[in-house]
Amino acid sequence: MTRNHKLNSTSPSVDRRTFLKAGAAMSVAIASLADPLHALGYGTQTSHKMAAQQAGVVNLFMSSSPDTFLPHYSIGAYSRYIGQLIFPRLLRYQEDASVVPYLAESFEVSDDGLVYTFSLVQNAVWSDGTPVTANDVAWTYTMAFHGDYTGTRQVEAPVAGGQAYREGTADSVSGIVVVDDHTIQFTLERPTSSFVENVAQFFWILPAHAFEGTEIIDIAKHEMARNPTVTAGPLNFVRYETDQYVELAANPNFILGQPKIDTFIVKILRNDVALAQFETKEMDATTKVGVMLPQDVASLEGMGLQVTPVPGSALQSMGINNDRECFQDKRVRQAMAHAIDRQAIIDSLLMGYGQILNAKVPTFSPYYNPETAGLLQYDPDLAKQLLEEAGWDFNREITLFVPTGNVTRERSGPIIQQYLQAVGMKVKMETMEFATQSARVDAGEADLWLVGSSFVTFDPDQTSSFHSASLPPSGWNSWRWMNPEADQAMDDGLAAVTFEERKEANDRLQMIMADDVPVVFLYHPEDIHVISTRLQNATPTAVGIEWNIQDWELTQ
Amino acid sequence: MGMVAFMRPCPHFRTHHVWQRLWNHMARYVLRRLLIAIPTLIVISMITYLVIDLMPGDSVDMMVDPSGSAESIERRREAMGLNDPIYVRYFHWISEVAKGNLGYSTVNNWPVADQVMERVVPTLTLMGSALVLSLLLAFPIGIISAVKSNSKLDNFLTVMTFSGISLPTFFVGLAGIYIFAVKLKLVPTSMMQTPGGDGSLGDRLHHLILPVSVLAIHQVALYMRLVRSSVIESMRKDFVRTARAKGLNEQSVIMRHAVRNSLLPVVSVLGVQLPGLFSGAVVTEQIFAWPGIGRLLVTSVYGRDYPVLMAIIMVTAVLVILSNLLTDILYAAVDPRITY
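Chains as they are written, first to last, in numbering that gives the first Met the number 0: chain A, 0 to 555; chain B, 0 to 339.
It is possible that part of the hints are untrue.
[To be verified] Straight-line C-alpha distance at most 25 Å; calculated DSS-like pairs for lysine-lysine:
| hint | chain 1 | residue 1 | chain 2 | residue 2 |
| --- | --- | --- | --- | --- |
| 1 | B | K182 | A | K280 |
| 2 | A | K280 | B | K184 |
| 3 | A | K383 | A | K427 |
Just so you know, these hints were derived from the structure itself, not from any lab.
One chain only, chain A, in its complex shape (with noise of 0.2 Å):
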C-alpha cells in the first residue's frame, strides 16, 4: 500500500528527478570524457604551453610549404629555409651581412682571383656519424655540374672544365680538386667576385655517401628528398607533417656548439592564424619566410611583444621596356620616377615599413652606395618640364601592366597611374596573372609593368638582369637596358679580386643607374620580426633570425 502510495503519489516528479539525475550525469560524463584530453597536455592551451616549456620547444612561423628538402631542387624559399637548418655551408652569413667561416675554417683566394682554396673543420660530422669531408663537398658541386642535373640552384661561376664535364666529355670537373680529406680546391676561368657570396654562401653540401649508387637524374626522388636523414646544420630532421607543420631537433654534433633548444617546429600557417598564436603563445618568432604584416604591428604591441622592423629580401619596381622609341630618352624615365611620390606609397600602402632605394643593392650591404640616397625625389614639376624638354607626346597613350599575387602591389597600381597622369601621361592600367605578365613582357608587348624581385644573396652583382648580354629569352634583363658604361662597371665589378676594386666598381655602377634608371625602384618592404617574450638572444636582422640558432634559449 505504502509503496504504492509512494510510487503514484511521486510518480509525476519522479520523472523530472530522473531527466536531472540523467543531465547530471551526462555533464560528469563530459567533463570526464575531456579530462584524459587536458591530462595528455592537450585541449587548453595552458597545458600545452607548460608542455612545450618543459621539453625546450621553440615555435617558428613559416607561411608556406616546403616543396622538397633537398634545397638545390627548390623552387621557393621555404624548402631552402629547412634546408639552411639541416645542411651545412661553407660560409655562412652573420647578423651584419658579413661572410664568415662555417663549414671551412678559413679560405684563400689566389691573387689572380682565380683559385679559391677551403680549409674544412676537422671535427664535423654528419647525423650517422660519417665524418663531412672534401669529397662531400667535391661531390655536391660536381653533381651541379652533371648534365642530367635538373636542381633549381645553380654553380653560377665558371668553374674550370665545368662545361666540359656537363657535356660528358670529362669524367670529372678538372677545376674541382681534392687536396686532402679537408682542404677543397676550386680554380676558375676567369675571375669571378660573385663566387665567394653566390656559391659558397648558397650552395649547401649533402652527403656523398647517402647518394651512393643514385644516378644525378635520380637524386631529386631521392628518399633524402623527403626525409632527409643524414644531416649536418644546426638541426636534425624529425618529420614533415604534410603541409601543417616540419619537426625538427637539435645537432647534438653542430660544429658551431649544439643548440641550446631541443625541439624546433616550423608551422605553416597563414599570417592572420599565425598572429592568433603569438596570443595564445603557441608562437615564439617569426622567420625570413613568415613574417608579420604592418596591420598587426598595433595587434602585437598590445600582446606586449617587441616588433622589430628588418629590411626585407624583395624589391618592388616599375619596369620599363628601355626598347620603346618613347622611353628612349633618359629625361622620359627620369620623369617617371620624379613623378611617383615613393615615400607617400610606403607611407600609405606599407604604414611607414618600407625603404626607398635608387639601386639594386639594399641600404645594409657593404656594397650599399649612400651616394644614391635622396636622388630622384618627388617632384611633379621637375617630371613635367623634363618631359616637355624630351619632347613627350602628351596624346599618347601607354600601359601599365599590374600582375596579381601580391595584394600591395595591385593596390599601388592605380596610385602609379593616378601619379603618371598628374604630370600629363595618359595611363591605362591592364591587371593580369604573373605568368602571363611575364610572356608579354618578355614578347615585347609591355611599356611599363609592376615586378618584383628579390635579394636571394645579397650580392651585388647584377649582371644576370641589368647586363645588355641577358635580354631575354636567354635572361633577365626584361627591361631590355643596354647601356655600354653600365655593362664595363658590371664587368669591371665580377673581375674585380679585392673588396675595394668590387666596391668601386658597384658604387659606380649604382650611380649609373640612379642617372640612367632603368626601371623605376618603387620600394624595398621591411620584414616585421616578432619574438615571444621567452625566447632569448634571438635577433632578427636583414639575414633573418637564425644565424645564431644554436645560442638561442627559453626561458619560463
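Knowing the structure of chain A, use the given hints to seat chain B on it.
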C-alpha cells in the same frame, strides 16, 4: 529489388527467374555505362591537358629565380621534357597512366600518387564530417521550417542559415579561431593534431571541431532549404491527406509519411554532391593548416604542376561518373517507373 522478389508469395524458381532477369538487365546496363565512361574520360583528359597547356608559362617559368642563368633554365626544361610538342607529352602521360603510373610532380619530383593519397584521408575526414554535421542540423531545422512554413520561426531559421551561407568562410573561420581558440581556449587554433604530439584519436577529434563547424555553417543552408521544400511538397500530397483522414496524430503524419517520402530528392542531390567531398575546401584548409586536396590543387595550378593537376582532375572526373552511375542505379531500384 531483392525485397520485392522476397515478399512475393511465388514458387522458388520464379523468384530465381526474377532475380536473374533483373541482374542481367542491371549488369548489362552498368557494363554499358562503364564502357561509355572510358572514351568520356579520355576526351576529358585530352581537353584538360590542352587547357592546362594553354595556361601561360610552365613549371620551369614558375621557378624563376633571377640568379639562375637562362642556359641552365633551358637545360632544366629540356631535361623535364617540357620542350616536346603537346601530343608527345600527352601520349607519354596517358600511356604511363594506363600502366597505373601517375608520374612525378614537375615541381618537387615526388610521386604524384603519394601526394594525392596522403591528402585523401584528411580531406574526406574534414569534408565528410562537415557533411554529416550539416545534415544532422539541416533535417530538424528543415522539418521545423516546413511544418511551420511562413511563420516567424521559419523566417528566423531561414535568415540564420542564409547568413551562414553568405558569410565568407575566411571570416567565419578567423572569427571562430578568435572566439573559441584565442579567447575561450576551447579548441586549438589550427592543424590536424598537436605539433610534436602523438596524434591520438582524442587529439585529432579536438582539432576537427572548429574547421568542421565552419564548413557546416556554410553548407547547412543548402540542405535545410532542400529538406524544407521537399517536406512542404509531400505535405500537399494525397497520402498525407489520407493519413490525416485516418486520424493519425500530426507527429506521425509528418515523420512517417511526409518526411520519409521527401528523402528521395535529398538523396539524389547528395549523390551529385559526393565528388565534391574529394575536392576539398581551399580556404578552410588554408586557415586551419589542414593538409587537404584543395590546397594541393591551388599549389599545382600556381606551380603549373601538370602531373598533379591532371591527377586531381581525373580522379574527380572518375568520381563524378561513378556517383552519377550510382544515382541512376538507385533511381531504378527505388522508382518503378524508371527502367533501363
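Consistency of the hints with the structure:
The suggested pairing of K182(B) with K280(A) holds, with an alpha-carbon distance near 12 Å, which does not exceed 25 Å. In summary, the hint linking K280(A) to K184(B) is supported, as the alpha carbons are separated by about 12 Å, within the 25 Å threshold. For a cut-off of 25 Å, the pair hint linking K383(A) to K427(A) stands: about 19 Å separates their Cα positions.
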